[in-house]
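Enquirer: The chain contents come next:
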Amino acid sequence: MNFTVEILLWITYLGLLYILVFWLLSFLDNREHMKQESKKRTKLTRFPLVSIIIPAHNEENTIAGTIESVLKLNYPRDKVEIIIINDGSTDDTKKNIEKITHSNRNRKIIFIDQKNQGKAKSLNNALKIAKGEFFACLDADSFVEKNTLIKMIKFYNQNPHLAIVTPAMRVKDPKTLTQKFQRLEYLASMFMARLMGLLDVVYVAPGPFSLYRSKIIKKLGGFDINNLTEDQEIAYRVQKHHYGIKQCYNAYVHTTAPHNIKGLYKQRNRWFKGSMINLYKYKQLFFNKKYGDFGMLQLPINLATYILSVCAIFFFGYFTFKPLFREIHNIYLINFDLLHYIRSIDFNFNILGLDLGMMFIAYTLFFAALIVFYLSHKNTDEKIRKHGIIYIIFYFFFYYTMLSVISVIVLIQLIFGVRQKW
Amino acid sequence: MVKQRKQKPTNQTKLIERKISIERYIIAGTITLLIFALGLSMGFVLDYKRITWIEEQSKAQELDYQSLQLQYLYLNTIDDTEKSCHILGNTLQTTLITLSETLEDLEKFEKDTKLNKKEYNTLLRKFTINNLKYWLFAEKSKKLCNMDAVTLLYFFSRENCPICPNQGMVLSYFKTLLGEDLLVFPIDVDLKQNEPIIQLLESIYNIQSYPTIVIEDITYSRVVEKEELGKIICNIYNSPNNHCDKYLE
Chain F
140 MNFTVEILLW ITYLGLLYIL VFWLLSFLDN REHMKQESKK RTKLTRFPLV SIIIPAHNEE
200 NTIAGTIESV LKLNYPRDKV EIIIINDGST DDTKKNIEKI THSNRNRKII FIDQKNQGKA
260 KSLNNALKIA KGEFFACLDA DSFVEKNTLI KMIKFYNQNP HLAIVTPAMR VKDPKTLTQK
320 FQRLEYLASM FMARLMGLLD VVYVAPGPFS LYRSKIIKKL GGFDINNLTE DQEIAYRVQK
380 HHYGIKQCYN AYVHTTAPHN IKGLYKQRNR WFKGSMINLY KYKQLFFNKK YGDFGMLQLP
440 INLATYILSV CAIFFFGYFT FKPLFREIHN IYLINFDLLH YIRSIDFNFN ILGLDLGMMF
500 IAYTLFFAAL IVFYLSHKNT DEKIRKHGII YIIFYFFFYY TMLSVISVIV LIQLIFGVRQ
560 KW
Chain D
298 MVKQRKQKPT NQTKLIERKI SIERYIIAGT ITLLIFALGL SMGFVLDYKR ITWIEEQSKA
358 QELDYQSLQL QYLYLNTIDD TEKSCHILGN TLQTTLITLS ETLEDLEKFE KDTKLNKKEY
418 NTLLRKFTIN NLKYWLFAEK SKKLCNMDAV TLLYFFSREN CPICPNQGMV LSYFKTLLGE
478 DLLVFPIDVD LKQNEPIIQL LESIYNIQSY PTIVIEDITY SRVVEKEELG KIICNIYNSP
538 NNHCDKYLE
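Chains as they are written, first to last, in the working numbering: chain F, 140 to 561; chain D, 298 to 546.
Since the hints were made in silico from the structure, they are not lab data.
Honestly, I wouldn't trust all of these hints.
What the hints assert, rightly or not - Each computed DMTMM-like pair below joins lysine to aspartate or glutamate, with the alpha-carbon atoms no more than 20 Å apart:
#1 K461/F - E456/D
#2 K523/D - D476/F
#3 K429/F - E456/D
#4 K461/F - D409/D
#5 K379/F - E314/D
#6 K316/D - D168/F
#7 K528/D - D476/F
#8 K356/D - E407/D
Whenever a hint applies, use it, and build me the whole structure from the sequences.
Expert: Here it is in structure tokens:
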């Protein structure tokens with residue numbers, strides 16, 4: 140192996156291993172706290188008014204279900220204000236909204252019909268008229284569980300400077316391979332977000348039903364309308380001003396995940412691009428002691444994740460395509476005489492030929508990843524083999540490679556200044 | 298379990314209490330380094346195991362060579378060469394296969410090693426000498442037993458010859474195709490500074506570039522492609538085997 144490649148590989152292993160070990164230690168340190176949190180039963184003494192904002196752009200298939208899930212929330216009806224925005228849809232979204240608002244005239248529902256202005260602007264428009272002490276954003280392709288809001292509101296009792304409580308996102312009815320992969324990914328993200336919440340380093344407030352303290356968000360100027368990932372930008376801004384973000388581990392929201400690779404590519408392209416832009420925008424927070432673990436650890440990890448993704452793709456190419464091209468070239472040299480080519484392959488196995496040192500580290504890394512995978516399932520009481528073992532194998536070996544490819548494409552697009560629409 | 302260091306309160310840190318989990322950073326770093334140290338140690342232990350294994354192989358090669366010499370001596374003293382030459386040919390063939398496999402492993406190990414370059418170089422020299430001993434032995438045996446085999450010297454460089462693997466591939470192909478009728482002796486010219494015999498051979502065969510192959514005292518200093526090499530080799534046999542048919546048309 141080339142010396143530079145070897146050094147790069149060791150650095151990649153070192154980086155990934157450090158991150159995993161750190162989070163596993165964080166879990167061990169907070170295990171008791173997490174157990175207690177699961178057992179704790181807090182009763183709400185006061186039900187504050189909550190505005191639920193649902194921006195919709197061409198969501199005719201899901202909007203009715205989304206609104207209905209909000210209407211069924213286990214929370215006093217007079218304390219829920221629903222603001223629905225039709226953001227210049229060209230399909231039947233508007234018609235479906237009107238139908239459902241008409242049949243629920245006894246509920247506090249405000250309908251804004253506007254020209255297409257984008258999600259962030261729609262949220263800001265709604266925020267101007269929202270009366271709630273808290274407000275939640277709910278993407279029009281997501282569905283909230285009955286007790287989600289009440290569980291999230293309880294978090295605010297404990298901390299007056301808590302600005303955002305994020306939910307535990309789940310993929311709704313995963314059917315395709317891509318959706319099943321995302322289901323596994325979301326489970327891991329949920330577990331990680333819970334740990335991040337304990338360390339005050341949450342860096343994203345997901346679109347599906349993040350709950351905000353209105354006063355703080357208004358004070359900070361609302362959502363950034365020029366940002367590709369306004370849900371991440373607001374989290375960075377909240378962190379910058381030293382407000383809190385926590386995750387409510389059992390407040391479930393079900394979201395519709397892209398069902399094919401094309402959809403996934405489009406979504407992740409926007410996420411990655413937005414994330415990189417936000418990392419650059421908040422670069423002054425990097426390794427800044429004033430921001431505690433957020434500045435010293437989480438932001439560098441966010442950046443390192445992209446660098447490691449690029450490295451992973453490089454290694455994938457190096458260890459897959461390089462030998463493949465060499466073998467194709469070898470076959471070409473002998474005029475494609477495949478029979479004798481196969482006979483000439485040396486099938487002698489010598490255990491001493493294996494790079495056991497490197498393998499030991501790679502397997503330790505894989506084992507640590509499996510522990511996180513197991514804990515992620517335990518965190519949400521999900522069965523590991525719900526969709527069969529084959530998905531897990533593909534998830535570990537191909538899904539992250541695919542995501543890494545997307546992040547490399549994004550990086551290239553950013554370098555060459557390719558623009559991205561929301 | 299792990300204590301967290303609290304930041305001194307400033308105007309900006311009055312809202313949420315920022316903490317730096319410094320002890321956790323250190324513990325995580327220590328565990329990571331321990332795992333790395335363990336991995337590296339395994340690599341070093343493996344490296345020494347490899348050297349021991351190659352040395353054992355080398356001893357076995359020495360013994361095989363002595364056995365072959367004994368057979369040769371015996372053949373020189375008796376008349377029944379037909380039966381005994383067959384045994385000698387087979388033994389030589391088996392030994393050369395083992396030698397070539399060990400040499401391949403050795404070259405790979407030498408490439409991977411971080412600490413024991415010197416030891417591996419010594420072993421590579423040892424194997425190159427063995428190779429040349431076998432080459433001389435094969436030439437002698439060919440004459441004694443009238444073997445219809447082609448011997449081929451292949452000069453290559455691992456360090457300064459990116460096209461050498463192309464020649465290596467074509468040679469492996471013919472070795473698979475022709476089996477014991479083709480005896481290939483690879484010579485790593487990167488060892489010539491320490492091994493005067495390589496310099497001597499280069500001078501005898503007038504070798505200035507790599508790859509070079511020498512077949513029956515004729516030097517080819519370039520990549521000899523499949524078709525051409527097939528013709529060269531097959532034309533040397535007194536009774537070529539079936540695989541040579543297409544090269545002799």
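Enquirer: Mind checking the alpha carbons of K528/D and D476/F for me, to see if they're no more than 20 Å apart?
Expert: With Cα atoms ~17 Å apart, K528/D and D476/F stay inside 20 Å; holds.
Enquirer: Within a Cα-Cα threshold of 20 Å, do K429/F and E456/D meet the stated pairing?
Expert: Cα-Cα ~52 Å, so violated.
Enquirer: Sort out whether D168/F lies within 20 Å of K316/D, counting only the CA atoms.
Expert: 15 Å, holds
Enquirer: Taking 20 Å as the top limit, are the C-alpha atoms of K379/F and E314/D close enough?
Expert: Holds, because 13 Å separates the two Cα atoms, which is no more than 20 Å.
Enquirer: Given the hint that K461/F pairs with E456/D, test it: the Cα-Cα distance must not exceed 20 Å.
Expert: 19 Å, holds
Enquirer: Under the criterion that the straight-line Cα-Cα distance not exceed 20 Å, is the pair K461/F, D409/D satisfied?
Expert: 18 Å, holds
Enquirer: Assess, step by step, whether the Cα of K523/D is no farther than 20 Å from the Cα of D476/F, and give holds or violated.
Expert: Distance ~11 Å between K523/D and D476/F Cα, so the pair holds.
Enquirer: Given the hinted pair K356/D and E407/D, is their Cα-Cα distance within 20 Å?
Expert: Holds, at roughly 19 Å.
Violation of the numbered hints given earlier is confined to hint 3; every other hint is satisfied by the structure.
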